[in-house]
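Participant: Top to bottom, those sequences are chains D and R.
Sequential numbering from 1 applies to the first sequence in UniProt numbering.
Sequential numbering from 1 applies to the second sequence in UniProt numbering.
Please note: incorrect hints may appear among the correct ones.
No farther apart than 25 Å at their CA atoms in a straight line, the calculated lysine-lysine pairs in the DSS-like style are these [claimed, not checked]:
no., chain 1, residue 1, chain 2, residue 2
1, D, LYS497, D, LYS603
2, R, LYS603, D, LYS603
3, R, LYS128, R, LYS203
4, D, LYS439, R, LYS603
5, D, LYS603, R, LYS439
6, D, LYS603, R, LYS595
7, R, LYS603, R, LYS439
8, R, LYS603, D, LYS595
9, D, LYS497, D, LYS595
10, D, LYS595, R, LYS595
To be clear, the hints were calculated from the coordinates, so they are not data collected in a lab.
Spelled out from the first residue to the last, the chains are:
Protein chains: 2
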Amino acid sequence: MVKVDGMAGTPTTAEHLRAALDGPWRAIREQARTEFADKQFAGDPNLDLPEARARVLEQMRTIAALGYPERGFRVENGGTGDPGGAVTGLEMLAYADLSLWVKSGVQWGLFGGAVENLGTERHRGYLKELINLDLLGCFAMTESGHGSDVADLETTATYDPATEEFVINTPTPSARKDYIGGAAEHARVAAVFAQLNTLGEGKGVHCFLVPLRDDEGNDLPGITTSDDGRKGGLPGVDNGRITFDQVRIPRENLLNRYADVAPDGTYSSEIENPSRRFFTTLGTLVRGRVSVGGAASAGARVALSIAVRYALARRQFADPDTGTETLLLDYRSHQRRLLPLVAKSFALAFAQNDLVVRMDAIQTGRETDPHAQRSLEKRAAGLKVAQTRHASRAIAEAREACGGAGYLTENRIVTLKGDTDVFTTFEGDNVVLTQLVAKEILSGYAEEVRDLDALGWVRFAATSAADVVRKRSGVRQLIQTLRDRGDETVDEADLGKRSVQLQLFADREDYLLRTAAHRLRARAEETTPFEAFNNAQDHILAAGAAHIDRLVLEAFVDGIADIDDPDARELAETVCDLYVYSTLEENLSWYLMHKFLSVERAKAVRRGVNELVERLRPDALTLVEAMGVPESMLRAEMLTDASVYKRA
Amino acid sequence: MVKVDGMAGTPTTAEHLRAALDGPWRAIREQARTEFADKQFAGDPNLDLPEARARVLEQMRTIAALGYPERGFRVENGGTGDPGGAVTGLEMLAYADLSLWVKSGVQWGLFGGAVENLGTERHRGYLKELINLDLLGCFAMTESGHGSDVADLETTATYDPATEEFVINTPTPSARKDYIGGAAEHARVAAVFAQLNTLGEGKGVHCFLVPLRDDEGNDLPGITTSDDGRKGGLPGVDNGRITFDQVRIPRENLLNRYADVAPDGTYSSEIENPSRRFFTTLGTLVRGRVSVGGAASAGARVALSIAVRYALARRQFADPDTGTETLLLDYRSHQRRLLPLVAKSFALAFAQNDLVVRMDAIQTGRETDPHAQRSLEKRAAGLKVAQTRHASRAIAEAREACGGAGYLTENRIVTLKGDTDVFTTFEGDNVVLTQLVAKEILSGYAEEVRDLDALGWVRFAATSAADVVRKRSGVRQLIQTLRDRGDETVDEADLGKRSVQLQLFADREDYLLRTAAHRLRARAEETTPFEAFNNAQDHILAAGAAHIDRLVLEAFVDGIADIDDPDARELAETVCDLYVYSTLEENLSWYLMHKFLSVERAKAVRRGVNELVERLRPDALTLVEAMGVPESMLRAEMLTDASVYKRA
């Protein structure tokens, strides 16, 4: 029996699985499970807004004292240089309270990350203060008029050589900074993204440190902050608005890692291409997207843990034969509702661990491949989409699966629902991010053909089209077609092979990608680029989604490979099958329309989901325990007072 | 030009459409638009719980003074005998505030409905008082341990002939009444559903009037009420719990329309079959389900009106050719996200009007067909599912489509989201209700064969199987298959024909129904009835859903037939096409797997959705205006202060 680190005695299957899902920063997760289970970190939905905000700030001071944030900073900046540990440790706050997680993320991740990664030696002094919360900051990127389109932000930072200052200004109503966590109340300084102008020339978006408030919390001259007020959730986060009326800041407040302005106004940058400079700047902030995805998944795990445990206690309707009331989780519809979401939670946990490992390797300098950063950004965007979408769906299903009890705040799920709702929006709208992923893989595809002339394109299109045809008329498809026409027994076992499953996921991605590329190409000759793109937008988004699904499956498969315990591994394999079958089922019309699955095999997929949820039903509690949310952190009243919904 | 009632001048296309969607109680809707637009009825999310509850109660007094509730009661009971007008008028409150709508529904619909429909002459005195709010009541059906399974409620009402009283008691923790609107604070009396026991015999669930509080609001002896506290929404509704400790009430407090207990304890009922008695009792309460569906759809219309209007003002990302930023609604993905939901809102509005007409005909005695009541209950259950599911989805999409702005309470959508979240649960969990619909149509199907012996079943199965095969191998299918194999041009126009569309919806329902019946039959011989049912549960639920989709489409088609204005009618036809195509698209894998659509036609469906959203794009504002939520009732700050998200 393989020993699971840090466990006393012989580990259970659930513990083996939990160890696998915990990933490389398992020790930090275990520490956090102990520390954050303390009641002081639990959300209190009965507080009013000012109380909720004050409480979160107090909680953050304790988090700082426990040493969580300093992992996120380099040793020379007063940290311990463990970015993976920082993201993982703070993610565990999501089990306690998402307001606390968001506000911590704003202070140490976004604001701290901007100062550390976009600043230089001269800004180092801020870091120690922001780690220990002597300096509270905010991350003022989004404006009321521009969120996803960061390059077109309207706030200006105009250099005045006479005084060696930048003048920060809000030129229009839509240039107002908005939804900024910390801006309503606590932040003393903001990392402001603004269009840099010097010597009459626009140089694009750069980041500046702008003091907002004095020690008493009053707006400084030229600064007007206001409060976004109540939101759909996250009451402990003081989101607000900022406008700047010709606010002067020293030249040195430009975070000048990638570009600088000399005292005389001369602009310089080691990155000549402005677009590359912009994307390099944003790329250093990838940790935010990595973190949001992780916290969304953590929230989903809490909700699913509550709903599955409830379904293992609550009974409804007596079996006419036995007279015994049936447990909710013994209904097929309930199994189908919850267990595929548990399976997806497993898949995403492995995918998130893999993502954090990649991020950590790059940010600690162990990974030096120049393509790795761009690949990380694509993957972080894709997993942010997958995980936040999953969280919205899983938490909504969990709420409904718990009926009226699920609607009471004392049972926690509605708070998770409200808090995570905006995760599909922040750190990038999910549609825009899916498009970003798709564009990235499309441009990879186009690179093969970048320099082709018109004739080359024609030849290329012909070849690729043939390639596509090959897929549809290849040997496998032929067998398939033959089978469909006759009454031969279909070999359903085939679909159970991991290699076939991976191929099916890859086929969908490849086919969507190639056909999207061709569609764009074909349209581009008749219409404007925007119209060509817009006409194919649903196709392009589908390609992005297919890419994400494949990455997640690959991570799941890799994750299983690391499980040594045979029982745990076998269970994980079944969970992986359920992830595969339910993902295939969600995309069944596509597979049928493009003849990657025959009708008989499609029916086998649907049947397979039923069989797999039935097979996993006895292990439901094991799976919940493996997801790793300690029972003491669920904080759902109905789980502690089970007699009220269990018949005596 | 056909004149639209009550409109000055020549009506616009939007006004014609609105008149059609308003339906038979248009005058009441118009009156409500004027009256409820008053700021006093708007929700105020900044109130704390006690304030929110007190405010709703005050608002209800004004609603009562305006005469809305009395429409719901018969003339002899002090009402005006207009049940359709009552449901429609109160539904309009959903545009103002859903807490107000729910609490009004509890008082006048559930509590008032129980007294009027389950009580007799001797209870008439309560009605006048509850209409004018001198008597505040609640509807104490659900218990912590039993919600969907009303027949197994645990609260007891034991008759004591010695004192001619019933003794109401809560025998177990799970028998606690829970989630009861009004129980936490305002209700003075409860309509309590409990197991009637007399002379040592259980007679099933009956309804009793039980006083809860004295005039100072203190619990009466034996009564313990408590507060459910915060919920995912509906802050103005004081949901709570009630336990009864041997509470004695007079014999006359039994609502005795369908059954009575004589002073000596003798039980009598005009309905001998206890199960039929129970379902008759519940059937009289159908108005609750009718109302919830309507209010859910109203909430969806508000959210979609806000999101579409925002998408017609907010721009993001410049078109590289023109430099102009693109309106959100000009993106294909945004059109695809919002416009099919608008189309579904149209469909459901027509279906709801049709449902209310049927309810009104029965409840005013104009409809006397004995099957009509049962058919109404099935339809009400189905449309409750369809509309509450639609609301959850539409409001979630609307939130996401408005990005960060959508998350601010000042823009209303998150409040709608939280308030409607529980609509999928109350008045019957959606899974349970879908099952009820499916069982009802299954039993209709089984009636044809109810008395068959074993041989008869075999013969029946053989015939029906042949029938199913006919569908798959019929002429149309044959042509289809031929087309698929060759390169002939597929006649896509076919799918645009309403008759073909209706047939496709009906085919899906028929096929799912027949195959579910056969599956149940086949399984029943190998296993227990519960297992047979449970194994086919996903299949049965799919049959229920298909039935609902067909009803909705038929109502849409009938609704269009009443539009005289040619432009309005043409636009409605296109909206109906979008409803059809997007519903087909959602069920595409089913149509493909069961060969009702060929691959080529399936692709035409997908393409069709794209073409239809593009065609409807220029009419987006017209469609929103037609949905009939007055601009003054949207109350989204971002729509009144557009400069902050529109580039100057």
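Participant: Keeping to a limit of 25 Å between CA atoms, is the pair of LYS603 of chain R and LYS439 of chain R held or broken?
Facilitator: 33 Å, violated
Participant: CA of LYS603 of chain R to CA of LYS595 of chain D, is that 25 Å or under?
Facilitator: 12 Å, holds
Participant: Regarding the pair LYS439 of chain D and LYS603 of chain R, is the alpha-carbon distance no greater than 25 Å?
Facilitator: 24 Å, holds
Participant: Hey, LYS128 of chain R versus LYS203 of chain R, does the alpha-carbon distance stay inside 25 Å?
Facilitator: 30 Å, violated
Participant: Run the distance test for LYS603 of chain D versus LYS439 of chain R: straight-line Cα separation, threshold 25 Å.
Facilitator: 24 Å, holds
Participant: Assess, step by step, whether the Cα of LYS603 of chain D is no farther than 25 Å from the Cα of LYS595 of chain R, and give holds or violated.
Facilitator: Satisfied, since the Cα-Cα distance of roughly 12 Å is no more than 25 Å.
Participant: Holds or violated: are the alpha carbons of LYS497 of chain D and LYS603 of chain D at most 25 Å from each other?
Facilitator: At roughly 17 Å apart (the allowed maximum being 25 Å), LYS603 of chain D and LYS497 of chain D satisfy the hint.
Participant: When you check the alpha-carbon spacing of LYS603 of chain R and LYS603 of chain D, does it fall within 25 Å?
Facilitator: Judged against 25 Å, a Cα distance of about 20 Å means the pair holds.
Participant: So if I understand the rule, the pair passes when the alpha-carbon distance is 25 Å or less; does LYS497 of chain D with LYS595 of chain D pass?
Facilitator: 19 Å, holds
Participant: Measure nothing beyond the straight line between the CA atoms of LYS595 of chain D and LYS595 of chain R; if it is 25 Å or shorter, mark the hint as holding.
Facilitator: 14 Å, holds
Taken one by one, the earlier hints fail for this structure at numbers 3, 7, listed in ascending order.
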